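> Given next are the chains, with one letter for each unit.
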Amino acid sequence: MIRAFSPCLTVSSRMLVRRLRPVPEGAEILVSVGDVVEATDPVARVELPGPSQILSAASSLGIPRKSLSEAMVVVEGDQVVAGQVIARASALFGLLKSTVQAPFDGRIQSVSDVSGQVMLSAAPRPIEVSAYLDGEVRSVKGGVGVEVEAEASLVQGIFGVGSEAIARLVRIGDDPEGKIVITEGRATSEVMERLRETGAVGLIAGSVGGADLVSLAGRELNLADTGDEDIGFTLVVTEGFGDLSMAARTAGVLDGLVGGRVSISGATQVRAGVVRPEIVGRAHGSSGVEDREEDGIAEGTTVRIIRGEAFGRIGRVTRIPEEPASIGSGGRSLVYVVRLDDDHEITVPRPNVEK
Amino acid sequence: MIGADASVIVITDCGSTTTKAILIEEVDGVFRQTSRGEAPTTVETPVEDVTRGVIAALRDLSALSGRRIIGDNGEIIRPASGNTGVDLYLSTSSAGGGLQMMVAGVVGSISARSAERAALGAGAIVADVVACDDERSAQRRIDRLKGLRPDMVLLAGGTDGGAQVGVVEMAEMLSAADPKPRFGKGFRLPVIFAGNREVADEVQRIVGGKSDLFVVDNLRPTVDEERIGPAREKIHDLFLDHVMQQAPGFARLVEWTDSPVMPTPSAVGSMLRSLADSEDIAVLCVDIGGATTDIFSVVEGVFNRTVSANLGVSYSAAFVLKESGEENLERWLPFEMDPGRLRDEVMNKTIRPTTIPDSEEGLLVEQALAREALRISLEQHRAFATGLKGTMDKSSGISGFSAGSGQESLVRMASLGLIIGSGGVLSHAPRPAQTAAMLIDAFAPEGITRIAKDSIFMLPHLGVLAGVNGDAARSVLARDCVVDLCTCVAPSGTGKPGSECLEFTLEMDGSVVESGRLALGDVLVVPLAQGREATLTVDPKRGFDVGAGKGRRWSGPVRGGPCGLVFDCRGRPIAWPESRTERVAAMRRWLKAFGAIDVTDAEGTK
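Chains Z and F are the protein sequences, given in the same order.
Read in order, the letters of the first sequence correspond to residues 84 to 438 in the numbering used here.
Read in order, the letters of the second sequence correspond to residues 0 to 605 in the numbering used here.
Bear in mind the hints are in silico, worked out from the structure with no lab data behind them.
In this text the structure is predicted, and so the values were computed from the model without any measurement.
Not close to chain F: a few residues of chain Z, all C-beta gaps over 10 Å, as computed: (1) Arg-101; (2) Val-157; (3) Ala-165; (4) Ser-173; (5) Val-284; (6) Ile-314; (7) Asp-425.
With a straight-line cut-off of 27 Å between C-alpha atoms, the simulated DSSO-like cross-links for lysine-lysine are: (8) Z:Lys-224 / F:Lys-209; (9) F:Lys-145 / Z:Lys-224; (10) Z:Lys-224 / F:Lys-179.
The beta-carbon is built from N, C-alpha and C at its ideal position, and this holds for glycine as well.
So that you can see chain Z by itself, here it is in the shape it has in the complex (with noise of 0.2 Å):
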């Protein structure tokens, strides 16, 4: 039988998930292996280097460049603290005194005669790293990460904006102060600004309009590559853009969690190593670890279409045509010929659906 291979979104109601939470070298690690976390808890800390500052002492201090480690106080490598004077220079006999203060707490990196330029670092960052999942520790790698496993549900999205946050679920038209909340349509524009405003922390929709969307990030956004901006809340979207409604099966998945504490985030990656925002919650329906469908697409398999007319249409593959096909935008490709649910027959170009 002839199996292809094309890409797919994970919907499952319950499975294992892994997800590594990296941590950088030096990382002070704060769980063990066979630890049971909760996805709020900290599993490591980290220090991240604190940010450089470069001052234009000699400027400052009105004197040739040349002069400045004559009027430095400190030298390369010492610690300084906020305010401290770090160079201090004196003009007409004394009368004229100036001096140049550290802006922050730091380390003097570099003193140039040539540039007449100070750079202090500042003291590092501690930040903490969340388990992100309700589950187990099960490795622990200095350097590389800590990796959690849970018996969970999980949904990929299509796109998402925003970094990570972990909040009870519920439904739109509920309180959505501190939570995230879900709609299986389209998130209106105004829809949007009012979660912004009632402080949701995220939103997970079928669609939005591109437009929409613009206006609330206030500008356009790299859809290539997202998870660090600040629209206000976090988002992912399951379907895509424009007015489509969530697909069946996922709106199922999502239904079953609501009410409980769940993990988003909306890091989207979709070049290479690609990353898709996600939905993480507490396992339910059927009991036992679901399996994954093996890779690929045979006659048989149900597939969801994702371009052209026939969008969001869930259908049966019953040929696999092993040569190219004339499609209707006038080229040739490897298609699929599909039954959809209304017993309808429609040839698909390959790349045109996900299981």
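Place chain F on chain Z using the hints.
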């Protein structure tokens, strides 16, 4: 020379997503490309070994050509004997993102620009250019550089014996940002210093503790002299000796090849220079991909290359819309489309980049995106390729310009003899006329210009081959690589729509085969078969110029192609009707004239 007497040659180009292999054989004394194979590139997880993709592509090539290339030991069989083995194996690579660089200079339009040209000419993708006079604060520059993971940095600035302060400031900024190299844990970032040699020691003191510093000749030894050769050669050396050694599997690939692996764009540049030189014409070549668009030009012996990093038709589709604006994109559609729906269509293509259009409407939206990506990329290329005071690169003769603002571009559209298009949206368009129309619409060539395509983007392969066997490379280039689509005749000038633009006669074998009179706004295609040549005489009306001067007769040979001889009398710049309805009607008429769409009823509606 290695490979000069080889008669069976295999070349691979390890691209970001696909590794493409071609087989070149000497047949009856003539080198031809006889077969090709491909396989996914395997530089990323889970495989992380580029040679696995190379082997798979060579096995595909074996299956299609019948030649046994890989031996039982998993290595390339050499030399060729009968239907087994090869005499020469070469490769180019842009896998794993190619060569990614950051460049810095003191003045954006002088040393930073020269550094950027050196990096681009060496085949790099330039992730950012920083200069003391760019609009960002020092802190924002540092923050930006912190987030970059380049393969190497090129630092320039100051003439020899000239300015020092700015150069040291740039070195301090680099030190403060401390960007980490893309590959190799514990590997120190290579930094090439090609600035004022008098501050080389100070630069070493500042960045040497964190990076591996390499000092080469100043690329702007004086204000009016550019010398990018030494910096470019150092970039090549470091790419091979450092970066590629860190990339998964490349050390092994380097051992396999009979000549150094070239960065893909560098190989393209090499081949284009050879082509422009042998035909004595100015050449423009574009490779449009899903994420980026590369443009190469060789004009008056000067090579320029630009990479428009966010202009492409899938991953970068939304960015194209952002840069072009909805109206500019929509004007290329021969039907009306709600702007909100057009935006959603484009954004859906970005987040599902591997889907393909399955309707003519969807196809035309993607081709409109391609036109805008190409148009903006060309604008960027022309702005970059400025040749002003005639300063030449004394070390290589490859580039030349001097600083200033408002300079005229070296790439004048009327001077181009040949435009070559490559990349999926051009190569795989259902009709050759669609490819020709996209290139002509987007680039708006002026005068008489051949329009061609490199259907499988073989220029990189031939570029690396040119370094060891120039005759073989030129033979394959002429016979199998550059495929003529049409010759475009486009008078420059503007006027009142419908006013007289030109008269022409076309002769073959001494007989007039076609003649006509065209008005401003007309597009006409006259059939002229591939490989045929005819003599064209054009009499442009007053105010219009096809290469001999305004209103002056031009006569000369023209070549045919599947799209024949295209008369594009839409004016330069193209004269667009004011109203949206009229624009749609005009675009429908033009596409029909090109043969790019069918129009089946009087209203022009499909």
